[in-house]
Each structure stands twice: as C-alpha cells, then as structure tokens.
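S.K.: Here is how the chains run, residue by residue.
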Amino acid sequence: MTGTADFNEVFLEGVRVPITNTVGKRGQGWQVSRSTLKHERALIGGASINRRVFDGVLMMAMSTQLRGQTAIKDPIIRDRMVDLEAKLRASEYHGYRQLTMSARGEEQGMAGLVSKLYSTQLGYDIGMLAMDVMGDRSALGNGEPDAPFAGMLVTAYMWSLGVLIAGGAANIQRNIIAERGLGLPRDAAASRR
Amino acid sequence: MNFGLSQDQILLRDTIHRFLDEQCPTTRVRQVMDGPSGHDPELWSGLVDLGVTGLYVPAEHGGAGLELLDLALAAEGIGYNATPGPFLGNALAQIALVEGGDAALQAQWLPKLTDGSRIGTFALGEPDGQWDPAKITTRAEAGKLTGTKALVPYGALADVLIIAAHDHDGPGMWLVEKGAAGLASKDYVGNDLTRRLSSVKLDETPGVKLGGVKAVGRVRDAGCALTAADAYGGCRRMLEMAAGYSKQREQFGQMIGAFQAVKHQLANLACELEPALSLWWYAAHAFDRIQGESAHRAALAKSLLTDTYDRFARDTTELHGGIGFTWEFDLHLWFRRAMFDRGFLGDATDHRARAADLAGW
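If you read the sequences in order, they're chains A and B. The working numbering numbers the first residue of the first sequence as 29 and each following residue consecutively. The working numbering numbers the first residue of the second sequence as 469 and each following residue consecutively.
Check the hints yourself; a few may be wrong.
[Stated by the list, open to error] A few chain A residues facing chain B, derived, Cβ under 10 Å: (1) E37; (2) E41; (3) L86; (4) R95; (5) R117; (6) E135; (7) M138; (8) Q201; (9) L212.
[Stated by the list, open to error] Straight-line Cα separation of at most 20 Å, SDA-like style, residue types lysine to any residue; simulated pairs: (10) K669/B with D627/B; (11) K715/B with R208/A; (12) K715/B with G789/B; (13) K715/B with M138/A; (14) K654/B with E672/B; (15) K101/A with K669/B.
Read the hints as simulated data drawn from the structure, not as lab findings. If you're wondering where the values come from, they're calculated on a predicted model, not measured in any experiment. A virtual CB, placed ideally from N, CA and C, is assigned to each residue, including glycine.
If we strip away everything but chain A, and leave its shape as in the complex, we get (with noise of 0.2 Å):
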C-alpha cells in the first residue's frame, strides 16, 4: 500500500528443484522456518531503524512550522517526543542487554520474546508522531514538494504498519509472550490441532 512492493506473493507451479537444494533435512521445515523467522523477528526488533526514523522526525519538528511555531516548541509534540526518546532508548539498551546475554551464552527468556512487539509499536509511534509534527500537511504524499521534507516520512508512518506484521503480526507475538513468556494456556483453537 505504501506504493514500493517491498512484500510480494511467489507462485510456484511444477517447479522442480534438486534435492540438494533442501534447506535442513527432510520433515525439519518448520524449524527451519522457525529460524528464519526468529532471526527476522530479531532484525525487526532491533532499534536502529526506529532511531533512524526517530531522528528524522526530530529534525523535521525542529525546522517545521506548526500552530505559529516550530513544532518541537509546541509543548505536546515536545511531550511526545521525549517520551518516545525514552522508549527507544529502552529498546536500544535493552538490545545491548540481549545482545549481552547472547555473549554469555545466557537464555533470553521474556526479553527475546518482547523485541518485536515493542519495536513496531514504536515504530507505528514514532510515524504517529512524524503525521502530528506534519499536522494538516500530512494529508501530502511522499514527494510532494509543499510538505514538510517532501513528505517523505508518510512512508515511514505507512511502513510501520507493515513491519506490524511483517515476521508474525503483533497478535501472533501477543500469543507467544503470554504462552512461553508468561506460561499461560495455548489458545483453544491452536491446542486441539
């Protein structure tokens, strides 16, 4: 929806491919898949495209005019700000942390579990915010020119929806914090599968 096809569908019809082309052995698929997707649910989850996009928010509510003044003066964008600085702060740190626990070969329990969840709210957040510092002008599209830096981070703010989903939705990520993070019952559904 963003307008870029970042995500895409692939058919396969009657494609033939050698068996030395299977990824793992025979009847491991799932963790295999489990893998991939732990390492991209760690890529998303980490802060440095958050505090990419952060940072560019920053210099834009620092250069835009908003209600007669720059933006980042306005008292609740300045509000916001901060607080969503100190949340990817947190998500930083708590990146050195796992990052730390990995070194020492140490299990990281609930903290793996939460990174993903916690950066793409953020993320959504932090777009929230660039669409508020923009005010009326985030009705303008990415690459019009009479938006605040051509309204370019509309895509961040659009994009963070996708990265929502993107490696198991933040529902998915839900289920799997309150059952192996926090013990509780395996849904219904999923359990009499």
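Let chain A serve as the given structure and place chain B on it in line with the hints.
M.R.: For chain B alone, coordinates are given in the frame of chain A:
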C-alpha cells in the same frame, strides 16, 4: 559490550530479594503502615545488618563503597516487596553527603546513617510543585533557613534533613538536625500507605551548608534512578500477581488466563516492562560512570517507569476483577506506591520537559 549485571550484583539483588521475601511479607507491611510512624525499627535493623543502608557509602565511613546501580538493585527489591520505611530518603541524604559534604561532615554523619542509629532524608520540592533547584524559594541567610519543603520522605521521622535552598551563591543543600529551632515537620495524608511523606517548615532554622547546585542536581538524578528502579520492582510484582491470578481464577468453564483478551493484556504489560529495565540500569550506570548523560537519562527513566507503573496499576487491577479493588487483597499496596513514585521529585511531564531542555530541543 557488557550490558548486564556482574555476578556480585546478581548475588546482591537475590540476597536482598530473599531477605525481603522472608522478612517483609505483606502481613508485616500492613502492620507497619497501620502504625503511627510507618517505620519498623526491627525491619530497618535487618536491612542495616544486610548492608542495604550502606551500599553507596564509602568504606571509610562504614559502607560497602558500591555504586548507584547497586543501590538501585536494592530499590528494585524494596519496590517489589512494597517495603515500608525510610530507605529512599536515607539513601538520598547519604548521596547528598557523598556528593556535597566535606570530609568532617561525612565522617560525622555517614556512619550513623549507615549503622541505623540515625535516619536521614532529602527535601527538595516545594508546595507549589517546584522541584527545579534553580526556582525553589527556600532561602538561607547566614546559615539560617526559611521556607517550606513538600513531599519529604519521612520528614517527621528523620533525624537529619538535607534541605535544598538558595543563598547568595545560588542553589545548594543544607544539613538540618531534628529538633533545630524553627523546624516543624508534619506527615501528610498520603496515598502510599507504605511510605510517609511530610511537609517541613523552616523558620530561621540553623543548617550547615554542603554543596552547591551541581550536588543538588546529582542527588535529584540519583533519586530519579532509584524511583525508577522502585517502580520497576512494583510493576514486576503486579505483573506476577496478575499472571498468577489468571491461572487460578476460573470463569465460563476455564481459567481466565486462557482467554485471549486476558493473555494479550498481560502480554502488553510484559512487553512494556522488559525494555524499561534497561533504561533504569543505564540511568544508574550513567550516574556512576557517564556523568554527562546522567541528568537526561535519569529524567527519561523516572518519567517512563513511573508512567509504566500507573499503567500497570490500572491494568493489573482490571485483570483481577472485583477482588483487585478490595482492601483485603494486596494489589492496592503497589497501586498506591505508584502514586508516590509518580509525584516524588516531580511528575513525568516535568521530567519530560526537563529532558527536552537538556537535549537542547
């Protein structure tokens, strides 16, 4: 990269937790909070024996000579157990002496605030909600203080009060002893039943100066990190209680923890809390080792963790249903502690405004 606790710190944290689990069950918390002073000398002397009251105090004054991060681990345990008593104020008085006191003053007071023979506290805020040392109105002239301090932890109990005030050099701190002329302290009706807050009036009250504006700021930063750690401990306890209850309580033929609405609400809490841990760790570490970042990170940690505590109070009470709103059930001990943590040293909005200024925004 080494962003984790040392073996010694893990041992310290676990030892304090174990002690408080055994010595400070909520039955005891309730006895203390119903008492006249909100202080339990026996529990306090247990904490003294364990070394909790001397963690940040240099070894030459009877302490362990550790850092704020170590002290913050104790604050986490105190918060987790809703431990009543003057831990926070006493620790801040010690930090004030370490940061601003001269050798004689340190030698006179630090050993006493460590061995439990005297209790200290720290008074910064004022009745108009001002916590900015540059804007407070209490005045010091020729060693005599006049003004009113608000939200002073155990101000009526404390033997030694570190008072933030102004003199001709700007903001600073003064040490005032209980019983000094013109000193009048009175406990408020507070929300947190486990920790007392007092108003402290000073009228030409004699005090000894210990440090200027930099030292006051340091004590406030330390207080923010400790409050954030306390909030984290409380959040962790509330989450454990809510998750535990959701595995016991049955409704519509199954445990409520099997309902996805409940699972997701709990998962959201766990998700909010886990990274916030690293923020107060960092704030405490910055206080110890990266002083240029200390004030900013302390403000971030205080605002985020106390906001999180409010959110936990709300959601875990809701998750418990009716019982969560009763006097008999313990959850409100933490609900009320959250209200102490949010107000003490200034609320989250204050600290966010300050962090924005500090960042040069």
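S.K.: A separate judgement is required for each hint: does it hold in the structure or not?
M.R.: For each hint, the structure was consulted:
1. For E37/A, the suggested interface contact is broken, since its CB lies about 29 Å from the closest CB of chain B, more than 10 Å.
2. Nearest Cβ of chain B to the Cβ of E41/A: about 37 Å, over the 10 Å cut. The hint is violated.
3. Among the interface hints, the one on L86/A holds; its C-beta lies about 8 Å from the nearest C-beta in chain B, closer than the 10 Å criterion.
4. At a threshold of 10 Å, the smallest CB-CB gap from R95/A to chain B is about 17 Å, leaving the interface hint violated.
5. Because the beta carbon of R117/A sits about 6 Å from the nearest beta carbon in chain B, less than 10 Å, this interface hint is met.
6. Of the supplied interface hints, the one on E135/A is violated, with its beta-carbon coming no nearer than about 13 Å to a beta-carbon of chain B, more than 10 Å.
7. The interface hint given for M138/A is met, as the beta carbon of that residue sits about 5 Å from the closest beta carbon of chain B, less than 10 Å.
8. For Q201/A, the interface hint holds, since its Cβ comes within 10 Å of a Cβ in chain B; the closest pair sits about 8 Å apart.
9. At its closest, the beta carbon of L212/A sits 4 Å from a beta carbon of chain B; the interface hint therefore holds under the 10 Å criterion.
10. Of the supplied pair hints, the one linking K669/B and D627/B holds, its CA atoms being roughly 15 Å apart against a limit of 20 Å.
11. Between K715/B and R208/A the alpha-carbon distance is near 14 Å, which keeps this suggested pair within the 20 Å criterion.
12. Between the alpha carbons of K715/B and G789/B the distance comes to roughly 14 Å, so the proposed pair stays at or under 20 Å and holds.
13. Between K715/B and M138/A the CA atoms are separated by roughly 18 Å; this keeps the pair inside 20 Å, and the hint holds.
14. Distance check on the hinted pair: K654/B and E672/B sit about 18 Å apart at the alpha-carbon level, within 20 Å; holds.
15. Straight-line distance between C-alpha atoms of K101/A and K669/B comes to about 37 Å, which puts the hinted pair past the 20 Å bound.
When each numbered hint is compared with the structure, violations occur for hints 1, 2, 4, 6, 15.
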